[in-house]
Amino acid sequence: MDIILETLSKIGFMFAVIMGMVVVLIWMERKGAAFIQDRTGPNRAAILGVRLAGLVHPVADVFKLLFKEDIQPSGRHRAFYNLAPWLVMTVALSTYAVIPFGDYLTVAGRKVALVTADLNVGLLYILAVASLGTYGVVMAGWAANNKYTFLGGVRATAQMISYEINMGLALMGLVLVFSHTATPGYLREFLGTDFLSGLRLTHLVAGQGELLWGFLPKWGIVVQPLGFLLFITAVYAETNRNPFDLPEGESEIVAGYHLEYSSMKFALFFMAEYAHMVIGAALIATFYFGGYQIPWMPRPVLEAHAGMLLTLKLIAVAAVGFLFALLFLRRTQREKGKFGDLRDNEPRLGAGLWLIVALAALGGLALRPWTLGPEGASLFASLMQVGAFLAKLVFFAWLFIWVRWTLPRFRYDQLMGLGWKVMLPLGVANLVVTAVVLTIV
Amino acid sequence: MSFEGLPKGTGAKKASFRDAIYFWEILRGLGVTIKHLVYNIFHTAEMPTMQYPEEKRVYSDRFRGRHRLMQREDGTPRCVACQMCSTVCPADCIAIQGAEHPDSEIEKFPETFEIDLLRCVFCGLCEEACPCDAIRLDTGIYEIAADSREKFIVQKDFLLNNKEDGTY
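Here the protein sequences come in this chain order: A and B. Okay, so the first sequence: first residue is 1 according to the numbering used here, each after it adds one. Okay, so the second sequence: first residue is 1001 according to the numbering used here, each after it adds one.
Isolated chain B (complex conformation) (with noise of 0.2 Å):
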């Protein structure tokens, strides 16, 4: 085998015979994977395999979930329909229609508020950007699926009562 064609230093070194003839090295090989197979029948228990529906992994309280938004004492949403987490979104995936609060004190309520699941990145920009603590990604579920795309355009009401289990 010659190296002629290839630059100087790509360190490119003939094959010694012990490399050429392969087999010493096949045998070599052969020893490392039996040794593991080996380990791993007998060791079953410290695999690092996580048996999923019936292990889960634990996150960091810091993990950002699936959305949820905040409520008043009384119920009501806290937001106050100021656009801004629509606004800094990056995937553009919150849709909120703002309408007059009844409430002279507070000066709108979002009337429609969507979030497309299927376009958020979870990046927690709308957690950053909310003034008033409406919106939070601190729910820690991550099971989020549907056999339809209109299921994960998610709304208000779902997102006021935000339950662990996932369901919608």
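The following block holds chain A by itself, in its conformation from the complex (with noise of 0.2 Å):
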């Protein structure tokens, strides 16, 4: 029963991380772009009067989309139109199944793994539900019974196949190395050892937690930098982001596999693109910068320090929050009577709600955290790993975005010549020189 319950909460927290990601990428993408480009972005849809900065518009985008007709085309197929997008977010979604965001948490005395299902085999489920994908977008540029969908689905698959080898190949010079990694000691008795552990994810990332010559964090970028570049352009293509949306290119081809979807069979493509993002920023995370891993902060170290480390962490959060504070009270002096009506409240809130966080911090420091006990100690060290795990995975999905705003989309035989003719061969190379220097060393 217990079990039951701990993987229905681990997988009610990645959904909650997975969905409240997508609505945040959404707001970070278009509020991004807009500063890249001198814009200011969106700020007009408000709830009395609260906008957030632009994050209110996804919420109004879900009620637009929920209400919308569902047009659609009279000669589609009509099971595989509907199954498409179902297909795209159920393949987005299951992908985080096997990728640890910490490596345990103590409830009532057990140690529960912080990950929803630690296979063996991570790694191979990982590409094989990633392949998967393929499906969906192909499905719907077929189904749709339109060129430019049909177009679409055809770029998606030849650009996956190509990609999809190049990330396994890149994958495989990382697998050498953390077969070779023994399992960090604390971690031993709790994951036991295993055969091929550079396949498994719980492995991989432990592994990732050593230090390499005594002072740098042994990070799989640190081990693999060619395979780190592979494996980053490979994530790009597979998730049809820029440079590589060639599926899409709405320059050519209007809008690619989903061009014939409304409503919410769009919104489901819509959000599986930013839930791919969010994989493949969590996929990025976990191989090539240590996952949950803090550099030079593993667990024991973490553990024994908890208590200066909470009390320096709560008086971060008090410092700025009153440094928010003062910049909302700032701006509440010099925007008096902007807009004449609610919009006019919202700095007053944002520094009564930073000044809430900065005192809840300070009352924090009353509970005097620097006498932390063991328990707690396991449980801020647990919520750290988490914190650490969101973070990366915020960077490397704003890396994303930072990306698609810089680069122009390839051309199609610029994307093929890439993919065979320079990743291909790089791939095998350094899969060949890392197993080479593994045997010597």
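Keep in mind that the hints are not guaranteed to be accurate.
Stated by the list, open to error - Only pairs whose alpha carbons sit at most 30 Å apart, straight line, appear in this in silico DSS-like list of lysine-lysine:
{"id": "1", "chain 1": "A", "residue 1": "K338", "chain 2": "B", "residue 2": "K1035"}
{"id": "2", "chain 1": "B", "residue 1": "K1108", "chain 2": "B", "residue 2": "K1056"}
{"id": "3", "chain 1": "A", "residue 1": "K64", "chain 2": "B", "residue 2": "K1014"}
Said to hold, decoys possible - Quick list of simulated restraints, FRET-style, between CB atoms:
{"id": "4", "chain 1": "B", "residue 1": "F1023", "chain 2": "A", "residue 2": "T7", "range": "39 to 45 Å"}
{"id": "5", "chain 1": "B", "residue 1": "R1057", "chain 2": "A", "residue 2": "T7", "range": "57 to 63 Å"}
{"id": "6", "chain 1": "B", "residue 1": "H1043", "chain 2": "A", "residue 2": "T106", "range": "44 to 50 Å"}
{"id": "7", "chain 1": "A", "residue 1": "V436", "chain 2": "B", "residue 2": "E1046", "range": "54 to 60 Å"}
{"id": "8", "chain 1": "B", "residue 1": "P1053", "chain 2": "A", "residue 2": "I356", "range": "29 to 35 Å"}
{"id": "9", "chain 1": "B", "residue 1": "G1075", "chain 2": "A", "residue 2": "D341", "range": "36 to 42 Å"}
{"id": "10", "chain 1": "A", "residue 1": "D344", "chain 2": "B", "residue 2": "A1099", "range": "51 to 57 Å"}
{"id": "11", "chain 1": "B", "residue 1": "P1053", "chain 2": "A", "residue 2": "R331", "range": "16 to 22 Å"}
{"id": "12", "chain 1": "A", "residue 1": "A316", "chain 2": "B", "residue 2": "E1046", "range": "27 to 33 Å"}
{"id": "13", "chain 1": "A", "residue 1": "A79", "chain 2": "B", "residue 2": "E1046", "range": "50 to 56 Å"}
{"id": "14", "chain 1": "A", "residue 1": "G363", "chain 2": "B", "residue 2": "H1043", "range": "32 to 38 Å"}
If you're looking for bench data, these hints aren't it; they were derived computationally from the structure. Beta carbons are placed, not taken as given, at the ideal position from N, Cα and C, and that holds for glycine.
Fit chain to chain and form the complex, with the hints in mind.
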């Protein structure tokens, strides 16, 4: 019974993270694009005058798409047309099952692994499920019975097949390295030792908590820099994001595979794109940036200094809270009566909220966090790890957006040339060099 | 990469190694965009975007806005229904029906004077053509919106009392 409850709560947590991130990413994309292009971006939708710098717009979008008419082309293949958006979304959501977002959480004296499914072939599972995503795209493109969607689907197939190979090859180097890394002592009892441990994501991440030559965190990017470049490129291609968003290349094939979808079916494709970005970010963080690991601070260190770290953290939160409250107060003065409606109350609300945060942090300090007991320290370490994972997730998701608004789209022949003529040989070379080096060392 | 097929003098060069490996140039591009982003976050006030309904652009006095018909001192239109404006109009958006004016000094007056604002191209030729300065585009009104096509066909009474608030 316990295990079902645990698994359900872990699934719930990941689902909440993904869906929350989707909303935040849509906001980040619009606002980031706007600021990069010297615009202000969305700032109109408001709930009682509160605009949250445009965060209300995704909410408004959801309601708009929910109430829109679902227009379907008459020549569609009914079953596949209706299935495709769900397939895309399901695949996007199921990849998260094997991604660890912390090592363990102690609940009532029991150590609960912070990963939904600790598969011993987690990496293969990710590659397999990610390639299933192609089916949704191809199905959508073909079932809509429109030449542009068809072209989009065909492009998606070719692109994903080409880049999946590179993705797998880039990861194999990593697997070789971490199959040779012993799991850290404090986790060995909990995780056990395993044949082919490089394929198991919990081992992979635990191994990245070690130090290389005693000072460098043994993150994937440190041991496999070329592998990282190949992998990140392949991930961008797999998620159909710029500069590889040819399947939807709107200047050539209107909107590509999801052209004939409207209403919530379109919304599913839209959300799936962002969910894929979150996966991509999670994979990059997990494989090459130590997942939940905080550099130089594995769990024993975190637990030993938990009291001091928590105190410092609360002080920092209080300082940031007061700073933001001050900034908002300044805005209250500067923008007095700017709009002449409810929106004028916004800076005051912001100042109030940040003040509450700062005061809560100060209140936390009053509870004397430096005398934290071992149980509290364990919980603090777990929370710090989850926080580190989420921070990396947000950064790499932002990188997707940043790259999109920097680079132009590849031409189709350039895409294929890069995939087959540049990345594939480099991937093979990387694998061979890694194997040779590991044999010698 | 080869460019044999290209005619000479197109400026196509073989990419240098630095360009061919992409990554250096991608990093430079990312630097450019993040510079804009950070600058704009801390200088929101300098952004060229105009918050339209709250802020409005100031146009010059010569801006051609929505038309108005001028009045005589007694409030009747100055227009003598000579059809010069509707003749010169390139969009053919002015329709005038003239009638005998009760005052024998004045030959005619417009019984109806319609302008289809959806067809008007705001070229100002009607203004130029008018012999008695009866039609002008100097109201400065550019917020011309309505919820049906019929409402854009405006009549004499409306044009004679053209208010700046833009209401129909």
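Right, here's what the structure says about each hint:
1. For the hint pairing K338 of chain A with K1035 of chain B, the CA-to-CA distance comes to about 29 Å; that is within 30 Å, so the pair holds.
2. Restraint check for K1108 of chain B and K1056 of chain B: the C-alpha separation of about 41 Å exceeds 30 Å, so the hint is violated.
3. Of the supplied pair hints, the one linking K64 of chain A and K1014 of chain B is violated, its CA atoms being roughly 50 Å apart against a limit of 30 Å.
4. Here the CB-CB span from F1023 of chain B to T7 of chain A is close to 41 Å, well matched to the stated 39 to 45 Å.
5. Between R1057 of chain B and T7 of chain A the beta carbon distance is about 59 Å. The supplied range of 57 to 63 Å therefore holds.
6. Here the CB-CB span from H1043 of chain B to T106 of chain A is close to 48 Å, well matched to the stated 44 to 50 Å.
7. For the hinted restraint 54 to 60 Å between V436 of chain A and E1046 of chain B, the CB-CB distance of approximately 55 Å keeps it satisfied.
8. Taking 29 to 35 Å as the suggested C-beta distance range, the pair P1053 of chain B and I356 of chain A conforms, at roughly 33 Å.
9. Taken as a hint, the range 36 to 42 Å holds for the pair G1075 of chain B and D341 of chain A, whose Cβ atoms sit roughly 39 Å apart.
10. Roughly 55 Å separates the CB atoms of D344 of chain A and A1099 of chain B, a value that falls within the hinted 51 to 57 Å.
11. Distance hint check: the CB atoms of P1053 of chain B and R331 of chain A are about 21 Å apart, consistent with the given range 16 to 22 Å.
12. Between A316 of chain A and E1046 of chain B the Cβ separation comes to about 30 Å, which falls inside the hinted range of 27 to 33 Å.
13. At roughly 54 Å, the beta carbons of A79 of chain A and E1046 of chain B sit within the given window of 50 to 56 Å.
14. Here the CB-CB span from G363 of chain A to H1043 of chain B is close to 36 Å, well matched to the stated 32 to 38 Å.
In summary, the structure is inconsistent with hints 2, 3 from the numbered list given earlier, while agreeing with the others.
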